[in-house]
Structure formats: structure tokens, C-alpha cells
Amino acid sequence: MRTLDPEVVETRKRRVLQWVIQRYIQNSAPIASQAIARDGEFDVSSATIRSILKDLEAEGYLHQPHTSSGRVPTDKGYRFFVDYLVDVQRLALDEKERIRREYYRRAEEIDALLAQTSHTLSAASRLAGFAVSPQFKEHEVQRMELIRLGPGRVLAIAVTKTGFVRHWPIRVDADADAGQVEALNRLLGGISEGRTFRELNQILLSKLDGIDQDFEKLKGMARLLVQELARIAHSESLYFEGASNLLALEPPEGFLQGPGNRPLRAVLGRLEDQKRFTRVLEKQLHKEMKAMSKSGGKKVRVRIGLETEMPELKNMSLVTSMYRSRDNMMGLLGIMGPKRMEYSKMMALVDFVSDFVEQTLKKWENQKQ
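Straight run, no breaks: the sequence shown in this note's numbering ends on number 375.
No lab work stands behind these hints, which were simulated from the structure alone.
There's no promise every hint is true.
Taking lysine to any residue and the SDA-like style, the derived pairs with C-alpha atoms no more than 25 Å apart in a straight line are [claimed, not checked]:
{"hint": "1", "residue 1": "167", "residue 2": "244"}
{"hint": "2", "residue 1": "369", "residue 2": "171"}
{"hint": "3", "residue 1": "19", "residue 2": "44"}
{"hint": "4", "residue 1": "369", "residue 2": "125"}
{"hint": "5", "residue 1": "82", "residue 2": "43"}
{"hint": "6", "residue 1": "293", "residue 2": "362"}
{"hint": "7", "residue 1": "82", "residue 2": "117"}
{"hint": "8", "residue 1": "289", "residue 2": "362"}
{"hint": "9", "residue 1": "351", "residue 2": "86"}
{"hint": "10", "residue 1": "82", "residue 2": "369"}
{"hint": "11", "residue 1": "351", "residue 2": "146"}
{"hint": "12", "residue 1": "369", "residue 2": "165"}
{"hint": "13", "residue 1": "293", "residue 2": "255"}
{"hint": "14", "residue 1": "167", "residue 2": "212"}
{"hint": "15", "residue 1": "351", "residue 2": "364"}
{"hint": "16", "residue 1": "305", "residue 2": "132"}
{"hint": "17", "residue 1": "351", "residue 2": "370"}
{"hint": "18", "residue 1": "82", "residue 2": "312"}
{"hint": "19", "residue 1": "289", "residue 2": "314"}
{"hint": "20", "residue 1": "82", "residue 2": "20"}
{"hint": "21", "residue 1": "320", "residue 2": "244"}
{"hint": "22", "residue 1": "305", "residue 2": "88"}
{"hint": "23", "residue 1": "289", "residue 2": "234"}
{"hint": "24", "residue 1": "305", "residue 2": "91"}
{"hint": "25", "residue 1": "293", "residue 2": "330"}
{"hint": "26", "residue 1": "102", "residue 2": "350"}
{"hint": "27", "residue 1": "213", "residue 2": "189"}
{"hint": "28", "residue 1": "369", "residue 2": "132"}
{"hint": "29", "residue 1": "369", "residue 2": "320"}
{"hint": "30", "residue 1": "167", "residue 2": "317"}
Label-pair restraints from in silico Cβ distances [what the hints assert, rightly or not]:
{"hint": "31", "residue 1": "35", "residue 2": "372", "range": "10 to 20 Å"}
{"hint": "32", "residue 1": "69", "residue 2": "237", "range": "44 to 54 Å"}
{"hint": "33", "residue 1": "64", "residue 2": "35", "range": "16 to 26 Å"}
{"hint": "34", "residue 1": "237", "residue 2": "212", "range": "18 to 28 Å"}
{"hint": "35", "residue 1": "285", "residue 2": "348", "range": "20 to 30 Å"}
{"hint": "36", "residue 1": "365", "residue 2": "91", "range": "18 to 28 Å"}
{"hint": "37", "residue 1": "229", "residue 2": "104", "range": "23 to 33 Å"}
{"hint": "38", "residue 1": "71", "residue 2": "174", "range": "24 to 34 Å"}
{"hint": "39", "residue 1": "18", "residue 2": "72", "range": "22 to 32 Å"}
{"hint": "40", "residue 1": "16", "residue 2": "253", "range": "34 to 44 Å"}
Beta carbons: idealized from backbone N, C-alpha and C, even for Gly.
Working from the sequences, and respecting the hints, build out all of it.
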């Protein structure tokens with residue numbers, strides 16, 4: 007009896023696995039051995055196909071939902087498919103042009119840019135798109151000022167050199183007048199430009215002791231500003247669009263289960279879950295920054311099922327990319343969708359949008375210089 011070269015056997019198994027996953031992504035139905043033998047063009051017998059499927063199931067790449075049904079990919083199978091994906095699609099020229107037009111029309115500042123990014127990713131993928139702005143503690147401030155809104159209320163506005171704008175209300179002593187606000191603005195004007203939020207916070211703290219006791223209200227306002235700066239510096243924003251696309255998916259993708267068997271609608275709708283999702287993305291961003299610094303590899307990453315580190319997303323995948331400005335890692339953007347997604351197209355879409363965001367940020371930087 008002739009024994010096949012083990013390398014030939016492994017190559018054949020990989021080809022069958024790739025074919026099965028691609029067909030499942032297209033049709034969402036378990037793949038039977040008869041369909042592989044009929045449509046797969048592998049030039050082997052049905053018995054050989056069945057043997058290969060049993061091996062792939064034993065190795066954890068496929069599983070059989072029911073004894074009478076075909077096979078479907080496991081997370082390990084999807085991971086193999088993504089890692090060996092060489093045929094990454096290029097976006098059609100008309101799709102690229104449509105994305106460019108949307109950005110030029112609507113993205114006038116960076117917050118609008120990220121909101122538009124999540125919208126574009128969702129619309130182009132027909133899934134959910136998201137973008138995460140970075141924490142601000144290391145961003146250099148271009149301008150910062152306070153505006154008195156009325157008794158006991160002041161609005162703080164900060165503009166970073168990378169184009170982010172943050173404004174937030176501060177509750178102050180009801181007797182704080184316009185003159186005191188202006189005095190604090192003069193102090194900020196002399197120390198804020200070119201400083202990071204972290205540095206600005208430290209400088210303000212050091213200057214608190216130097217404020218005369220006769221200006222106790224001014225000192226109190228400055229102390230409140232220090233507290234708010236510390237909070238804002240460590241906060242980030244999540245721009246998320248396309249939840250309705252996920253809810254429209256057929257089960258099991260459309261009804262992910264969370265703690266207490268809460269459906270996806272509740273997971274997406276509750277603020278604490280969105281914050282948790284943001285923290286997961288921030289953690290992923292830091293991991294990818296380390297990986298990029300070591301390998302200088304590709305920006306696009308895929309997280310499948312429990313690789314997302316959120317049990318609620320066990321039936322989903324995340325396709326993500328970092329975006330940068332002036333060689334600094336700024337944030338993360340990407341697509342959330344079912345594990346049965348068109349990875350090639352989604353990876354190409356995320357890669358293109360990430361490049362476009364970086365080009366836009368670079369253009370803004372050049373305009374400021």
C-alpha cells in the first residue's frame with residue numbers, strides 16, 4: 007500500500023480546510039463531505055474527504071453541530087484561515103472614491119473624523135464600525151482656556167496639537183467672577199502651550215501654593231481644574247455605529263449572550279458595556295503597539311471569538327488597525343462582525359480607512375505648520 011508524503015497530506019488538509027471555511031462564510035450552512043467531493047475539485051475520493059474532515063475535527067479546526075449535519079469552523083479554524091489568508095481583496099476604485107468623498111464632506115475636526123470613520127466602516131461593511139480616540143495624558147496642548155457660563159459654572163476648552171478638542175463643564179464657587187476666570191486664563195496662557203496634559207497638571211499643582219490667600223476662590227478654581235485635567239487626561243471616547251446591523255444578523259451571530267444571558271441589544275445599549283469594550287480595545291492597542299515596535303509588521307489585526315477577551319463576543323470577530331499621527335500611535339479603529347465574515351474584504355477595508363485617517367491627520371498637521 008502506497009504511503010503519501012506527510013507534507014502532501016498536510017497541504018491537502020490545509021486546502022480542504024480553507025475551502026470549507028470559505029464556503030461556510032459564503033453560505034452559512036454546515037459543509038458536508040459530499041459537497042466538498044462534488045464542488046471542491048480536489049481529485050480525491052469521498053472516503054478521503056471524510057477522513058480529512060475527521061482529522062480536522064480531531065485537531066480542533068472544525069466541529070459538527072449535529073451528527074447528521076456537516077462541519078462548521080471553530081475559532082481555531084477561523085484563526086488558521088486568517089493567518090494563511092493571502093488573497094486579500096483590494097477595494098474597488100468606486101468604493102475608495104466614495105469613502106474619500108464622505109470624509110472630505112464631513113470630517114472637519116478630529117472628533118468629527120472619528121465619528122465619520124465609525125460610520126464609514128459600518129456602511130461599507132454592513133456590520134458595526136468603531137473608532138477609539140486615545141487617552142490625552144501625553145498629548146501636547148495647543149490652547150486652553152476657561153469661559154464663564156454663569157454663577158458657579160465654567161466651561162474648560164482644550165485643543166491639542168494633534169487636533170483633538172475637548173470641552174467640559176466645571177462647577178466652581180458661585181461667587182467666582184469674570185475677573186478671576188480671566189486671571190486663571192492668563193496663568194493657563196503662560197504655561198499650557200506645548201505642554202502635555204500630564205505636565206500641565208503638574209505645573210498647575212506646583213503653582214497652587216504660590217497663589218495668595220487673598221485669592222482663595224481663584225485657588226479653589228485652579229484646584230478643581232487640576233482634578234478635571236487628571237480625569238480628562240485618562241479618558242477616551244468610543245465612536246460606535248452599526249449596532250442595528252449586528253442585531254439584524256441571523257442567529258447565532260445576532261444574539262450573543264452576555265452575563266445573565268443578556269442579549270446583544272442589552273450589551274450594546276448599556277453604558278458600562280461600552281466602557282468595558284473601550285477598555286478592551288485600549289488594552290489591545292497597547293499590545294499591538296508592542297508587537298509593531300518589535301516586528302514592524304502589518305497594522306491590521308484580527309481577533310476571533312474569545313480572543314476578544316469579552317465573553318459576550320464569543321460569536322464575533324474584531325478586525326482592527328491602529329492609526330498614527332507624527333509617528334505616534336493615536337488610537338484604534340475597526341469592524342465588529344460575526345466570525346462568518348468576509349475576512350479578506352474586511353481586512354482590506356480597515357487597512358484602507360486606517361491609511362486614509364492617517365493621511366488626513368498628516369494633512370492637518372502640514373496646514374498648521
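Verification of the hints:
{"no.": "1", "hint": "167 x 244", "in the structure": "20 Å, holds"}
{"no.": "2", "hint": "369 x 171", "in the structure": "17 Å, holds"}
{"no.": "3", "hint": "19 x 44", "in the structure": "17 Å, holds"}
{"no.": "4", "hint": "369 x 125", "in the structure": "21 Å, holds"}
{"no.": "5", "hint": "82 x 43", "in the structure": "23 Å, holds"}
{"no.": "6", "hint": "293 x 362", "in the structure": "23 Å, holds"}
{"no.": "7", "hint": "82 x 117", "in the structure": "37 Å, violated"}
{"no.": "8", "hint": "289 x 362", "in the structure": "24 Å, holds"}
{"no.": "9", "hint": "351 x 86", "in the structure": "17 Å, holds"}
{"no.": "10", "hint": "82 x 369", "in the structure": "41 Å, violated"}
{"no.": "11", "hint": "351 x 146", "in the structure": "36 Å, violated"}
{"no.": "12", "hint": "369 x 165", "in the structure": "17 Å, holds"}
{"no.": "13", "hint": "293 x 255", "in the structure": "30 Å, violated"}
{"no.": "14", "hint": "167 x 212", "in the structure": "24 Å, holds"}
{"no.": "15", "hint": "351 x 364", "in the structure": "20 Å, holds"}
{"no.": "16", "hint": "305 x 132", "in the structure": "22 Å, holds"}
{"no.": "17", "hint": "351 x 370", "in the structure": "29 Å, violated"}
{"no.": "18", "hint": "82 x 312", "in the structure": "11 Å, holds"}
{"no.": "19", "hint": "289 x 314", "in the structure": "10 Å, holds"}
{"no.": "20", "hint": "82 x 20", "in the structure": "13 Å, holds"}
{"no.": "21", "hint": "320 x 244", "in the structure": "21 Å, holds"}
{"no.": "22", "hint": "305 x 88", "in the structure": "14 Å, holds"}
{"no.": "23", "hint": "289 x 234", "in the structure": "24 Å, holds"}
{"no.": "24", "hint": "305 x 91", "in the structure": "15 Å, holds"}
{"no.": "25", "hint": "293 x 330", "in the structure": "15 Å, holds"}
{"no.": "26", "hint": "102 x 350", "in the structure": "16 Å, holds"}
{"no.": "27", "hint": "213 x 189", "in the structure": "13 Å, holds"}
{"no.": "28", "hint": "369 x 132", "in the structure": "29 Å, violated"}
{"no.": "29", "hint": "369 x 320", "in the structure": "39 Å, violated"}
{"no.": "30", "hint": "167 x 317", "in the structure": "38 Å, violated"}
{"no.": "31", "hint": "35 x 372: 10 to 20 Å", "in the structure": "51 Å, violated"}
{"no.": "32", "hint": "69 x 237: 44 to 54 Å", "in the structure": "47 Å, holds"}
{"no.": "33", "hint": "64 x 35: 16 to 26 Å", "in the structure": "22 Å, holds"}
{"no.": "34", "hint": "237 x 212: 18 to 28 Å", "in the structure": "19 Å, holds"}
{"no.": "35", "hint": "285 x 348: 20 to 30 Å", "in the structure": "28 Å, holds"}
{"no.": "36", "hint": "365 x 91: 18 to 28 Å", "in the structure": "25 Å, holds"}
{"no.": "37", "hint": "229 x 104: 23 to 33 Å", "in the structure": "50 Å, violated"}
{"no.": "38", "hint": "71 x 174: 24 to 34 Å", "in the structure": "50 Å, violated"}
{"no.": "39", "hint": "18 x 72: 22 to 32 Å", "in the structure": "26 Å, holds"}
{"no.": "40", "hint": "16 x 253: 34 to 44 Å", "in the structure": "41 Å, holds"}
Checked against the numbered hints given earlier, the structure breaks hints 7, 10, 11, 13, 17, 28, 29, 30, 31, 37 and 38 and satisfies all the rest.
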